[in-house]
Amino acid sequence: MSASPLPLPPSPPASAAPAPHAEPPRPLSLTDLFVSFTLIALQGFGGVLAVIQREIVERKRWMSNEEFIEEWSVAQIMPGPNVCNLAMMIGARHFGLAGAMSALAGILAVPLVLVLCLALVYARLAAYPEVQGALRGMSAVAAGLIAATGLRMAAALGKNVLPLLVCGAIAVTGFVLLALVRVPLAAVIGLLGGLGCVLAWRGLKP
Amino acid sequence: MSAPSLVFGWHDWLTLFVHFLMLSLMSLGGAISTTSEMQRYLVERQGWLSQAQFADSVALAQASPGPNVLFVALLGWNIGLNTGSMAAALSGVAISMIGIMLPSTVFTYQVAQWAHRNRELRAVRAFKQGMAPLVIAMLLSTAWLLASGGGKGGEHADNWPLWLLSAASCIVIWRTRLHLLWMLAAGAVLGALGLV
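For the protein sequence lines, the chains are A and B, in the order given.
So for the first sequence, the numbering used here puts the first residue at 2; every next one is plus one.
So for the second sequence, the numbering used here puts the first residue at 3; every next one is plus one.
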């Protein structure tokens, strides 16, 4: 990561300070990766991002909040499902290609079987308005969950090279363009993302 | 409403596979961003799925644990079922999931590895930090579109109890450490009782 000192753990709930040169926690093996991501995926109703942030950053401490948002920005900009990209990148960081595949398999395999079972059950229950209603309620909560994750990750902006005001302006403009005006994503990434990158480039010491 | 019944040859499966391969590389910002294109192609142009099947696939994947991209597996599943057999449904799952995952995975893996090897480069650091505010905007927009029921027009756009539920769960999850499952369960119960 950057050369600037960032020894502070992101949000330590009064934990014992780690020794200065203590190895950060990391996944132990390919199986650990597979199982960890399977468990993360299984908790992720309505999207896995919220859980991934909680587990990887706040519980397991495999990365800091700042590292997480940096990895996430790559995972989100690249084509492909964000959380799958992110799982793959975390796996690759520790165990190369094999790690990437284990993490990806972990996040997809068991949930795939489950969703097919759910589809079989749903086919019989779809006629009941209660079932439709439950699905609607859960997807409203899922929307709130994604927003909450965005707000949590916004805490990392305090350490960004861009001034907070600039970050805020870009974020708000981006939201208005994407959600309200419905400008295509590629255009917004080109414009606002490009602007952010240029400003960050100028802010970073060569 | 009723599902179409299809006769699928190998070239139809191939067409489907190639379509997902292309969408995979277009899915910047997540598979959810190509949903409207999939709907246009599978439902309106080819007629392989009914609109209800499409919408249910998206909602089911949303309600089920795991990445939302699994709705693509359900699309393949339903297309296969429309051709009339369980075996076809399973091949539909395989074809659509491999199609949507393969190109983006290979591409992203290469880029991410390169970016990690060169993480001290000023350009890489500028990219990661400069993108951070927009990334948050993208998350909030996804949440907004989900809450309004799929964006264009938005089937829940004026359902204010539903909005209230989204906003309340956002604040609870943001500010407390309550487990996410409790909120989802609450949402399911409120929905089942017809309160939202």
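Bear in mind the hints are in silico, worked out from the structure with no lab data behind them.
Glycine is no exception: its CB is placed at the ideal position from the N, C-alpha and C atoms.
There's no promise every hint is true.
Said to hold, decoys possible - With a straight-line Cα cutoff of 20 angstroms, these simulated EDC-like cross-link-like pairs (lysine to aspartate or glutamate) come out:
#1 Lys206(A) to Glu122(B)
#2 Lys160(A) to Glu122(B)
#3 Lys160(A) to Glu59(A)
#4 Lys160(A) to Glu68(A)
#5 Lys206(A) to Glu68(A)
Said to hold, decoys possible - Non-contacting residues of chain A with respect to chain B, defined by C-beta distances greater than 12 angstroms in every case (computed):
#6 Pro26
#7 Leu29
#8 Leu31
#9 Thr32
#10 Leu158
What the hints assert, rightly or not - Beta-carbon label-pair distances, calculated as ranges:
#11 Val177(A) to Trp162(B): 15 to 25 angstroms
#12 Glu24(A) to Ser87(B): 49 to 59 angstroms
#13 Ala128(A) to Val113(B): 44 to 54 angstroms
#14 Met24(B) to Glu24(A): 36 to 46 angstroms
#15 Leu104(B) to Val36(A): 21 to 31 angstroms
- Query: When the hints from earlier in the document are held up against this structure, which numbers fail?
  - Reply: Of the numbered hints given earlier, the structure breaks just one, which is hint 10.
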